[in-house]
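Enquirer: Line order of the protein sequences matches chains S and P.
Once you know that position 233 of the first sequence is 233 in our numbering, the rest is easy, because the numbers rise by one and skip nothing.
Once you know that position 697 of the second sequence is 1697 in our numbering, the rest is easy, because the numbers rise by one and skip nothing.
Worth flagging that the hints you see were computed from the coordinates, not collected in a lab.
Glycine is no exception: its CB is placed at the ideal position from the N, C-alpha and C atoms.
Be aware that a few hints might be false.
[To be verified] Calculated lysine-lysine pairs in the PhoX-like style (CA-CA distance at most 20 Å, straight line):
#1 P:K1078 with S:K2
#2 P:K1092 with P:K1239
#3 P:K1078 with S:K34
#4 P:K1008 with P:K1589
#5 P:K1092 with P:K1241
#6 P:K1383 with P:K1393
[As the list claims (entries may be wrong)] To give a feel for the contact side, a few chain P residues facing chain S, derived at Cβ under 8 Å:
#7 S1016
#8 T1649
#9 K1660
[Stated by the list, open to error] If you anchor each label on the Cβ, the simulated ranges turn out as follows:
#10 S:G297 with P:E1686: 49 to 59 Å
#11 S:G186 with P:N1674: 29 to 39 Å
#12 P:T1189 with S:E150: 44 to 54 Å
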Amino acid sequence: MKTFAYSRAESPEAAVAAGGRFIAGGTNLLDLMKLQIETPESLVDISRLDLAKIEEREDGGLTIGALVPNSDLAADPRVIAGYPVLSRALLAGASGQLRNKASTGGNLLQRTRCYYFYDKATACNKREPGTGCSAIGGVNRILAILGTSEHCIATHPSDMAVAMRALDATIVTLKSDGDRRRIAIGEFYRLPGDTPQIENVLEAGELITHVELPTPPKGEQLYRKVRDRASYAFALVSVAGIVSVEDGKIASAALAFGGLGPMPWRDPAVEAALIGQAPSDAAFAAAADALLKDAKGYGTNDFKIPLTRRTLIASLRELTGVSA
Amino acid sequence: MSTTNALKMDKPVPDSLLDTSTQGIIGKPLDRKEGPLKVSGAATYAAEYQIENLAYGVLVGAPFGKGKITGIDSDVAKALPGVIDVVTDFDKFLTTPAQGLAPKAPQGVENVQYFGEIVAIVLAESFEAARDAAQQVVINHEAADDGRYDFEALKGEAEKPAKGDIPSHFSQGDLDKAMTDAPVTLDVTFTTPSQNSAAMEPHASIATWDDSGMLTLHGSYQMPGNDVEQLAAALGVSKSKVRIVARYVGGGFGSKLGIAPESVAAALAAKALGRPVKAVMARQQVFDATVRRSNTEQRIRLAATADGKLTAMGHETLTSNLPDDDYFEPTGQATHFMYAAENREINHDIVRLDWLLSGSMRAPGEAVGMLALEGAMDELAEKLGIDPIEFRKINEPEMDPEKGVPHSSRELVRCMDVGATSFGWDKRNATPGTRREGEWLVGIGMAAAARANMLQPSEARVTLSATGRATVETDMTDIGTGTYTILGQIAGEVLGLPLEHVDVELGDTNFPTAAGSGGSFGAGSSGTSVYLAAEAIREKIAKAMGVDVDALTLKDGHAVADNRRVPLGELAGEGIVAIGSIKPGKQEKEKTQSSYGAHFAEVGVNAVTGEVRVRRMLGVFAAGRILNAKTARSQCLGGMTFGIGTALTEDLIHDPRNGKLVNRDLAEYHLPVNADVPQLEVEFLEERDIHANPMHAKGIGELGISGAGAAIANAVYNATGIRVRDYPLTLDKILEGLPEL
Chain S
1 MKTFAYSRAE SPEAAVAAGG RFIAGGTNLL DLMKLQIETP ESLVDISRLD LAKIEEREDG
61 GLTIGALVPN SDLAADPRVI AGYPVLSRAL LAGASGQLRN KASTGGNLLQ RTRCYYFYDK
121 ATACNKREPG TGCSAIGGVN RILAILGTSE HCIATHPSDM AVAMRALDAT IVTLKSDGDR
181 RRIAIGEFYR LPGDTPQIEN VLEAGELITH VELPTPPKGE QLYRKVRDRA SYAFALVSVA
241 GIVSVEDGKI ASAALAFGGL GPMPWRDPAV EAALIGQAPS DAAFAAAADA LLKDAKGYGT
301 NDFKIPLTRR TLIASLRELT GVSA
Chain P
1001 MSTTNALKMD KPVPDSLLDT STQGIIGKPL DRKEGPLKVS GAATYAAEYQ IENLAYGVLV
1061 GAPFGKGKIT GIDSDVAKAL PGVIDVVTDF DKFLTTPAQG LAPKAPQGVE NVQYFGEIVA
1121 IVLAESFEAA RDAAQQVVIN HEAADDGRYD FEALKGEAEK PAKGDIPSHF SQGDLDKAMT
1181 DAPVTLDVTF TTPSQNSAAM EPHASIATWD DSGMLTLHGS YQMPGNDVEQ LAAALGVSKS
1241 KVRIVARYVG GGFGSKLGIA PESVAAALAA KALGRPVKAV MARQQVFDAT VRRSNTEQRI
1301 RLAATADGKL TAMGHETLTS NLPDDDYFEP TGQATHFMYA AENREINHDI VRLDWLLSGS
1361 MRAPGEAVGM LALEGAMDEL AEKLGIDPIE FRKINEPEMD PEKGVPHSSR ELVRCMDVGA
1421 TSFGWDKRNA TPGTRREGEW LVGIGMAAAA RANMLQPSEA RVTLSATGRA TVETDMTDIG
1481 TGTYTILGQI AGEVLGLPLE HVDVELGDTN FPTAAGSGGS FGAGSSGTSV YLAAEAIREK
1541 IAKAMGVDVD ALTLKDGHAV ADNRRVPLGE LAGEGIVAIG SIKPGKQEKE KTQSSYGAHF
1601 AEVGVNAVTG EVRVRRMLGV FAAGRILNAK TARSQCLGGM TFGIGTALTE DLIHDPRNGK
1661 LVNRDLAEYH LPVNADVPQL EVEFLEERDI HANPMHAKGI GELGISGAGA AIANAVYNAT
1721 GIRVRDYPLT LDKILEGLPE L
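In isolation and in its complexed conformation, chain S is listed as follows (with noise of 0.2 Å):
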């Protein structure tokens, strides 16, 4: 680790102010520092900050402070009651003492999990700009098919995230210059195209201060993480579902993915394949047809196509009742 300065914020405009980088749980972070990959001049610790509540607003949805623990977001009666989603995805990820330390704002900003990412002995353009992908030629077994670009192939890899993104949730930061801002989830994070370094919109010194979900959806609700062993594993695929029936017919439908792309993956298409149809096999092979039409596989994670296909078209058929 690199000598750094350390510094307690006492509100959220003073943590602004002070222009570091964040600390609150510090489960990804300081592993980070510890190997140099990530090297902050100074840390501004906000795990004191008063943003670890989760409260009901009006408009009948949650708002969830940035220091909320993903045990304690996991556990709320309404989360479990409303977002059944999004419990099951905080519960399906890292390990108790994990999910005991890190946060809400910091699960949305967590690093890949790319091997190469992880080892300065070897070329990464998320790691050091400019210096190539080792894992495209490489082993690449746990690496994303869609978004990729010839620069970075590397997953992100939050549970929670994926789930967020198939509720809409919107990011609420605080700017250095005072300033807030609400960003929907679907805009927040960026493919990696050229400078897979910047992995989303946060400008320098904005500080995620909370994330708002909508009113619960109607529907059916599922998380589904298909992964190498039974606990703390990186998902392979992962589904996050909503999805409601009416006379017959798909009525709404939202859907996320994680272990495929550089963020939690939503695409309308597949959305738009489901919507007014009847939910049939047919229906969900559509709508994998949609998702996948892009994908490409890059040798060791090729199975994930088809295994994407088949999660998904199971998800489906769960969340809709059809039996195959």
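Could you slot chain P onto chain S? The hints should help.
Expert: Coordinates of chain P only, in the frame set by chain S:
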């Protein structure tokens, strides 16, 4: 003045004091003696000794594969606050760890042999400063253009290993002809990946030189008695000038058999600095630069008559290792004696690769060899239409099928029968893919287990003091196995003392030299040395009582004979000291010795995704006398858990472009975690082996892993009808064969 009771195992020992003694603690499921120390953090592991004036060392690995170092630029690192020095020694740093029981370790790092090889150590006043500085050291180099990193591409160039302790090639009869002649044959190839032991405690050393030139190394090692020779040789000092202390070891599984790079780096740095140095390998360095189990490619050929009698067995293996190391994973070790068949061919060849060293990992040979053999047995049984257990019974050999000598003890058939009953084998549907519970395809499978039994030279000193307490001293280690407890039980049983009255001191080369922990020979070897020492003390007590030793009863700290009951302390005088010394003898050639078992597994395979989850497992084992039912059970549970990892998750991946390990941390090298390990059951069968040692006990530390993964893979087949021969059985290998949704 001590007496020595030495035994060479040339003849069977039919009578054991452990059967005639009356203390009643041998075999009992007693708690670990050191358990409270471990759970309270009071057991001191290698890196935890508080030593004054300690400098902190962090190792630097070569950031390239095969190549030559042209210079080490450490100016930036040395200028950082708190940094003392950057030390390297191109001649003396270890190239790789030493193999277990090898006389010495390969040395020299100027010509780097593999990615991550340890080439320097950074020393600082704090660990944090050293770790920071280590990342600023620049290793200038010229990468070799002839690096060999791709097993698949190079496997055609395999070569026969140099002659060693284990013969690499064996042939009997005519395998090819038997394959042609037989009505039913099988010819299949299995692959297993490289694996890492992933012991919880990383390799760690604290080196301290005293004014007389004596080195004390607090290290995490399995075999201090041999490690001390390797360390002395590496440093070019006399063995008498080196002491290794390894009182507690947080797991080894083979990775700590021989000295590793941190020991020599710490010792050289401590010498250079004139102060003690601590070096703990980072987890990534444990992966990169200690030792792996070799990947293997195993071709199994079996031929049988229509009624299931094997006529031929072929087990031909490719393993991999560095150009100068002839260690090979002895996958055929159990194949030599498992089943009867006239024509046999068991070969091992090495593919030379510039990957990190391959060496012994828990049950070297059987752990992955039985994945292939027992998988093939399952396949051929199905082809023959014979139940897999019945098929193994048909081929149960009366004698060792190659050496023609008897088995010392062999309860494989009973293990299978008992296991079949306990597990509910009769409920298995022999037609695969026919049992479904919702999304899950469910199946059960079995495999036989065997692990060769070995005896190694071992010595221990036992002292009976005037207070009536006994002390056991040996440089034997407890690597989490229960050694402290079983040695206390053996001494207590023979001397008539409760376990609380026996002190056990281990892991210090100032004590008599033991076998160390490895090859499942630790308990049998070191235990026998304690037994022999206690036996000698018993005779002295008889003399002090003035009775014949056979007329003597020792119980609860008293000697009873001749209508007298005398406290042992009174009979001990100034103290009775005895050395027990055991050596292997003719028994290992005259009898084939092995522990046996049978594994049963039930798995669920997700019909959508191919995810495999083990639902329950049972292991039934016969390993001679069980010295402590609790620690023995724990050994088997641990072995079976290893089996789950072997079957389903563990896969140490090398980048074929430069030999670099890709998944070099515990997030991406997938050991089975709690959620992957269901209820595991262990049953032991009563057995005695009079040819193994006077305790009649056989090895158990590696039996639980042997065959366990094959039972799981066979269960996956039973569940799905998909035969995956490429371990581990990750979902991508199953997906293709799954039914359409």
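Enquirer: When you take the CB atoms of G186 (chain S) and N1674 (chain P), is the distance between them in 29 to 39 Å?
Expert: holds, 36 Å
Enquirer: S1016 (chain P) was flagged as interface toward chain S. Is the shortest Cβ-Cβ separation under 8 Å?
Expert: It is violated, given that the least Cβ distance between S1016 (chain P) and chain S is near 44 Å, above 8 Å.
Enquirer: Holds or violated: K1092 (chain P) and K1241 (chain P), Cα atoms, limit 20 Å.
Expert: Between K1092 (chain P) and K1241 (chain P) the Cα gap is close to 17 Å, so the pair holds against 20 Å.
Enquirer: Against the range 44 to 54 Å, how does the distance between the Cβ atoms of T1189 (chain P) and E150 (chain S) compare: consistent or not?
Expert: violated, 37 Å
Enquirer: Sort out whether K34 (chain S) lies within 20 Å of K1078 (chain P), counting only the CA atoms.
Expert: Judged against 20 Å, a Cα distance of about 19 Å means the pair holds.
Enquirer: Take the shortest C-beta to C-beta distance between T1649 (chain P) and chain S; is it under 8 Å?
Expert: holds, 5 Å
Enquirer: In this structure, is the beta-carbon distance linking G297 (chain S) and E1686 (chain P) contained in 49 to 59 Å?
Expert: holds, 55 Å
Enquirer: Let's test the interface hint: is any C-beta of chain S closer than 8 Å to that of K1660 (chain P)?
Expert: At 7 Å from the nearest chain S Cβ, K1660 (chain P) passes the 8 Å test, so the hint holds.
Enquirer: Is it true that the CA of K1078 (chain P) sits at most 20 Å from the CA of K2 (chain S)?
Expert: holds, 14 Å
Enquirer: For K1092 (chain P) and K1239 (chain P), compute the direct alpha-carbon distance and say whether it is at most 20 Å.
Expert: Holds. K1092 (chain P) to K1239 (chain P) sits at ~16 Å (cutoff 20 Å).
Enquirer: Does K1589 (chain P) lie within 20 Å of K1008 (chain P) when you go C-alpha to C-alpha?
Expert: holds, 13 Å
Enquirer: Are K1383 (chain P) and K1393 (chain P) close enough, with their CA atoms no more than 20 Å apart?
Expert: Satisfied, since the Cα-Cα distance of roughly 16 Å is no more than 20 Å.
This entry does not satisfy hints 7 and 12, going by the numbered hints stated previously.
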